[in-house]
Amino acid sequence: MTIHQAITAAATPSEQRFLDLYASVCGRLPGADVPAVRAWREEALDAFAAMGVPHRRVEAWKYTDLRALMTTVHPLGGIDGSEQVEVIASIGRALANIDSYRAVFAGGKFRADLSTIQGAPGISFAPLCSKLKSEADAGATLAALPLPERDIIAALSTAFATSGALISIAPGQKLDRPIHIIVIASGEANAYALRHAVTLGDGAEATIIETHVGAGAAQAWSYTALDIGKGATLKHARLTQSDAALHLASSTVTLGEGAIYEPTHAAIGGALTRSEGTIRFNGPNARTTYNAAILARGHSHVDFTLVVDHAAPHCESRELVKVVLDDRAKGVFQGKVAVQRGAQKTDGKQMANALLLSNDAEFDSKPELEIFADDVVCGHGATAGQLDEDLMFYLKSRGIPEAQARALLIAAFVGAALDTVDNEGLHAALDEKVAAWLAAK
Amino acid sequence: MLEIRDLRAEVDGKEILRGFNLTVPKGEVHAIMGPNGSGKSTLSYVLSGKEDYEVTGGSATWNGQDLLAMSPEERAQAGVFLAFQYPMEIPGVASLTFLRAAMNAHRKARGEAEISIPDFMRAVKTEAEKLSISMEMLKRPLNVGFSGGEKKRNEVLQMALLKPTLCLLDEMDSGLDIDAIRIAAEGVNRLRSPDTAVVVITHYQRLLNYIVPDVVHVMARGQVLRSGGKELALELEESGYASYDAEAA
Ligand SMILES: Nc1ncnc2c1ncn2[C@@H]1O[C@H](COP(=O)(O)OP(=O)(O)O)[C@@H](O)[C@H]1O
Ligand SMILES: [Mg+2]
Numbered sequence: 001m002t003i004h005q006a007i008t009a010a011a012t013p014s015e016q017r018f019l020d021l022y023a024s025v026c027g028r029l030p031g032a033d034v035p036a037v038r039a040w041r042e043e044a045l046d047a048f049a050a051m052g053v054p055h056r057r058v059e060a061w062k063y064t065d066l067r068a069l070m071t072t073v074h075p076l077g078g079i080d081g082s083e084q085v086e087v088i089a090s091i092g093r094a095l096a097n098i099d100s101y102r103a104v105f106a107g108g109k110f111r112a113d114l115s116t117i118q119g120a121p122g123i124s125f126a127p128l129c130s131k132l133k134s135e136a137d138a139g140a141t142l143a144a145l146p147l148p149e150r151d152i153i154a155a156l157s158t159a160f161a162t163s164g165a166l167i168s169i170a171p172g173q174k175l176d177r178p179i180h181i182i183v184i185a186s187g188e189a190n191a192y193a194l195r196h197a198v199t200l201g202d203g204a205e206a207t208i209i210e211t212h213v214g215a216g217a218a219q220a221w222s223y224t225a226l227d228i229g230k231g232a233t234l235k236h237a238r239l240t241q242s243d244a245a246l247h248l249a250s251s252t253v254t255l256g257e258g259a260i261y262e263p264t265h266a267a268i269g270g271a272l273t274r275s276e277g278t279i280r281f282n283g284p285n286a287r288t289t290y291n292a293a294i295l296a297r298g299h300s301h302v303d304f305t306l307v308v309d310h311a312a313p314h315c316e317s318r319e320l321v322k323v324v325l326d327d328r329a330k331g332v333f334q335g336k337v338a339v340q341r342g343a344q345k346t347d348g349k350q351m352a353n354a355l356l357l358s359n360d361a362e363f364d365s366k367p368e369l370e371i372f373a374d375d376v377v378c379g380h381g382a383t384a385g386q387l388d389e390d391l392m393f394y395l396k397s398r399g400i401p402e403a404q405a406r407a408l409l410i411a412a413f414v415g416a417a418l419d420t421v422d423n424e425g426l427h428a429a430l431d432e433k434v435a436a437w438l439a440a441k
Numbered sequence: 001m002l003e004i005r006d007l008r009a010e011v012d013g014k015e016i017l018r019g020f021n022l023t024v025p026k027g028e029v030h031a032i033m034g035p036n037g038s039g040k041s042t043l044s045y046v047l048s049g050k051e052d053y054e055v056t057g058g059s060a061t062w063n064g065q066d067l068l069a070m071s072p073e074e075r076a077q078a079g080v081f082l083a084f085q086y087p088m089e090i091p092g093v094a095s096l097t098f099l100r101a102a103m104n105a106h107r108k109a110r111g112e113a114e115i116s117i118p119d120f121m122r123a124v125k126t127e128a129e130k131l132s133i134s135m136e137m138l139k140r141p142l143n144v145g146f147s148g149g150e151k152k153r154n155e156v157l158q159m160a161l162l163k164p165t166l167c168l169l170d171e172m173d174s175g176l177d178i179d180a181i182r183i184a185a186e187g188v189n190r191l192r193s194p195d196t197a198v199v200v201i202t203h204y205q206r207l208l209n210y211i212v213p214d215v216v217h218v219m220a221r222g223q224v225l226r227s228g229g230k231e232l233a234l235e236l237e238e239s240g241y242a243s244y245d246a247e248a249a
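Keeping their order, the protein sequence lines are chains A and B. Heads up: the first sequence begins at 1 in my numbering, then just goes up one per residue. Heads up: the second sequence begins at 1 in my numbering, then just goes up one per residue.
The set of hints was computed from the structure by calculation and includes no laboratory data. Please note that a few of the clues may not be correct.
[Stated by the list, open to error] Each computed SDA-like pair below joins lysine to any residue, with the alpha-carbon atoms no more than 20 Å apart: (1) Lys139/B x His427/A; (2) Lys50/B x Leu387/A; (3) Lys125/B x Ala160/B; (4) Lys50/B x Glu389/A; (5) Lys50/B x Ile260/A; (6) Lys50/B x Met392/A; (7) Lys108/B x Lys230/A; (8) Lys50/B x Arg406/A; (9) Lys108/B x Ala407/A; (10) Lys139/B x Ala416/A; (11) Lys336/A x Ala311/A; (12) Lys139/B x Ala428/A; (13) Lys139/B x Asp431/A; (14) Lys108/B x Glu402/A; (15) Lys163/B x Pro401/A; (16) Lys139/B x Glu424/A; (17) Lys108/B x Ala439/A; (18) Lys108/B x Gln404/A; (19) Lys139/B x Asp419/A; (20) Lys151/B x Met392/A; (21) Lys151/B x Leu391/A; (22) Lys139/B x Glu402/A; (23) Lys108/B x Pro401/A; (24) Lys139/B x Leu391/A; (25) Lys230/A x Glu188/A; (26) Lys50/B x Gln404/A; (27) Lys50/B x Leu391/A.
Start from the sequences and build out the full structure, keeping to the hints where you can.
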């Protein structure tokens with residue numbers, strides 16, 4: 001603890017708030033009396049303190065000055081008591097109705113009573129908190145949950161984790177329906193921290209849907225590690241939706257040889273959403289298609305930051321990001337494609353398009369290519385523009401009213417990213433979410 | 001009746017329509033012929049309400065309704081339909097979605113309930129067949145990747161489903177071969193009725209063999225310079241527009 005104290009002594013008020021929060025809850029967090037758990041948390045807390053709360057002079061946070069944007073840290077939820085939640089009311093009927101194996105986390109706790117994933121064929125599932133009770137259990141579990149480097153969100157999510165989904169899908173297993181991880185940050189002014197880990201065995205096939213909703217001014221921090229085995233396929237949809245909540249999410253995805261990873265990320269609203277991730281090719285002939293959509297208005301600030309790390313040759317990555325911003329909303333896409341030495345025949349392409357519906361909206365895009373191999377094809381592009389007035393006129397000239405014409409064009413714009421979702425229920429639910437967002441103005 | 005009186009309009013401060021006059025009674029087909037740049041497309045855009053065009057004088061009414069005071073969607077709901085010279089491609093919006101939205105907007109304006117999906121599909125199928133448009137094509141985004149001819153037939157399909165009473169056809173024949181012109185023209189002819197007025201804008205006489213006009217007007221430099229019967233179109237085909245361009249200068 002001496003090193004720990006040395007760091008805290010230098011902390012600014014921004015860091016101190018988190019350190020104080022930890023000091024106030026550490027005795028009540030899951031596994032508080034298990035030394036391995038305590039060490040795991042404090043390693044993360046020390047990493048956090050060493051990095052500090054990032055601000056705009058930290059390159060990766062240039063457009064999202066967390067120090068300025070996050071001026072309070074709420075009390076940690078998910079420790080005592082249990083909150084009343086209604087899944088349908090929280091996430092909407094269309095999403096709730098998707099036929100799935102469901103894992104519900106509400107108020108920072110796993111809710112067995114609302115979940116259906118327990119005992120699902122081919123899926124081994126446990127909530128993280130259940131694995132933190134004994135030294136023996138914790139040792140094995142936490143060894144598989146290392147802390148990624150230089151990841152402030154992962155550090156916070158680890159230090160404060162009250163639960164999370166630990167999912168493992170056996171090699172060759174092809175799931176007959178998606179896994180739906182539902183995270184409801186329901187308390188008005190609480191912070192919630194979850195750490196999830198998913199492994200797909202070689203040749204397995206699965207679809208994972210994550211729905212994150214935040215009520216009021218909730219703060220949600222999460223870190224997800226996804227490991228996709230050789231020849232395995234993972235389709236992964238992630239929807240974040242809220243009005244005033246703050247979401248900090250980070251993920252690390254690793255792909256084995258020949259693996260396929262197809263993520264679709266959508267963020268609708270939210271006071272502040274930062275969703276960052278790394279997709280790393282560890283074996284050749286793997287590919288990923290990352291599609292993302294941001295819909296924001298009011299004073300929302302949504303930041304998608306992605307690193308695609310081509311650490312193996314012959315891999316393909318595609319990124320398509322569609323951003324719709326109204327009022328004073330701010331959207332950010334930082335996309336880095338890194339090609340390691342020896343990752344020949346890499347094919348990496350990235351495109352971000354923003355549709356600005358107001359003069360006060362702002363889109364910041366930072367594409368980055370870092371290439372250490374010579375035989376590669378990489379490219380990126382970014383555009384920002386307004387609704388096409390000629391298209392608007394064409395629709396109106398057929399009798400379609402202005403508002404509906406706008407909605408059709410905007411839905412079509414984000415549809416380029418969202419239409420790749422092949423689960424019909426999810427596709428319809430996303431369409432409905434977009435339509436509701438459009439109609440809310 | 002379409003009545004246009006001394007219509008003046010400019011774009012980017014440049015006057016394009018310079019005192020344009022035209023009267024088309026219901027039940028008639030009028031052709032407007034003129035050289036490139038004479039303002040034919042501008043006229044069609046001004047009548048349908050495109051924002052880039054500023055009307056600086058004159059009037060345009062359809063059955064007594066002041067078109068110039070209405071939004072583009074209100075004009076459409078009042079029966080005005082412009083078949084575009086260059087129909088737009090709308091990525092991400094399926095033709096069927098677009099058609100249904102347009103039909104329902106018209107029905108709503110008339111105080112009618114939305115069309116049911118089976119009724120809608122039946123109506124589309126019937127009209128699409130007549131125009132040799134496949135249903136497969138209509139599931140694709142509107143006009144995206146369509147050939148020039150397919151786009152024009154798609155315009156006629158929209159017209160057939162929306163049943164406008166004032167049809168403005170801007171160079172419907174451009175880029176079409178004879179067979180395609182015939183199919184599209186037949187579509188237009190099916191819409192002719194005692195309550196319908198049709199304005200056929202064209203550079204060439206050819207289309208008028210299929211959509212036979214009651215009156216032909218020669219337009220140059222933003223004005224109608226001469227009007228006559230359908231034989232005027234043949235005369236223009238012979239002599240060209242050079243004399244009109246010069247006269248107007
Ligand atoms: N949006 C526009 N911006 C600038 N000039 C235009 C625009 N539309 C038309 N014009 C000009 O107006 C004149 C008439 O054009 P147009 O109406 O397209 O003629 P036509 O259809 O008879 O060929 C041309 O000189 C053209 O360059
Ligand atoms: Mg023209």
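Status of each hint after checking the structure:
no. : hint                : verdict
1   : Lys139/B x His427/A : holds, 17 Å
2   : Lys50/B x Leu387/A  : holds, 15 Å
3   : Lys125/B x Ala160/B : holds, 12 Å
4   : Lys50/B x Glu389/A  : holds, 9 Å
5   : Lys50/B x Ile260/A  : violated, 47 Å
6   : Lys50/B x Met392/A  : holds, 10 Å
7   : Lys108/B x Lys230/A : violated, 55 Å
8   : Lys50/B x Arg406/A  : holds, 16 Å
9   : Lys108/B x Ala407/A : holds, 18 Å
10  : Lys139/B x Ala416/A : holds, 16 Å
11  : Lys336/A x Ala311/A : holds, 13 Å
12  : Lys139/B x Ala428/A : holds, 17 Å
13  : Lys139/B x Asp431/A : holds, 17 Å
14  : Lys108/B x Glu402/A : holds, 14 Å
15  : Lys163/B x Pro401/A : holds, 18 Å
16  : Lys139/B x Glu424/A : holds, 17 Å
17  : Lys108/B x Ala439/A : holds, 18 Å
18  : Lys108/B x Gln404/A : holds, 13 Å
19  : Lys139/B x Asp419/A : holds, 14 Å
20  : Lys151/B x Met392/A : holds, 18 Å
21  : Lys151/B x Leu391/A : holds, 15 Å
22  : Lys139/B x Glu402/A : violated, 23 Å
23  : Lys108/B x Pro401/A : holds, 11 Å
24  : Lys139/B x Leu391/A : holds, 19 Å
25  : Lys230/A x Glu188/A : violated, 43 Å
26  : Lys50/B x Gln404/A  : holds, 17 Å
27  : Lys50/B x Leu391/A  : holds, 11 Å
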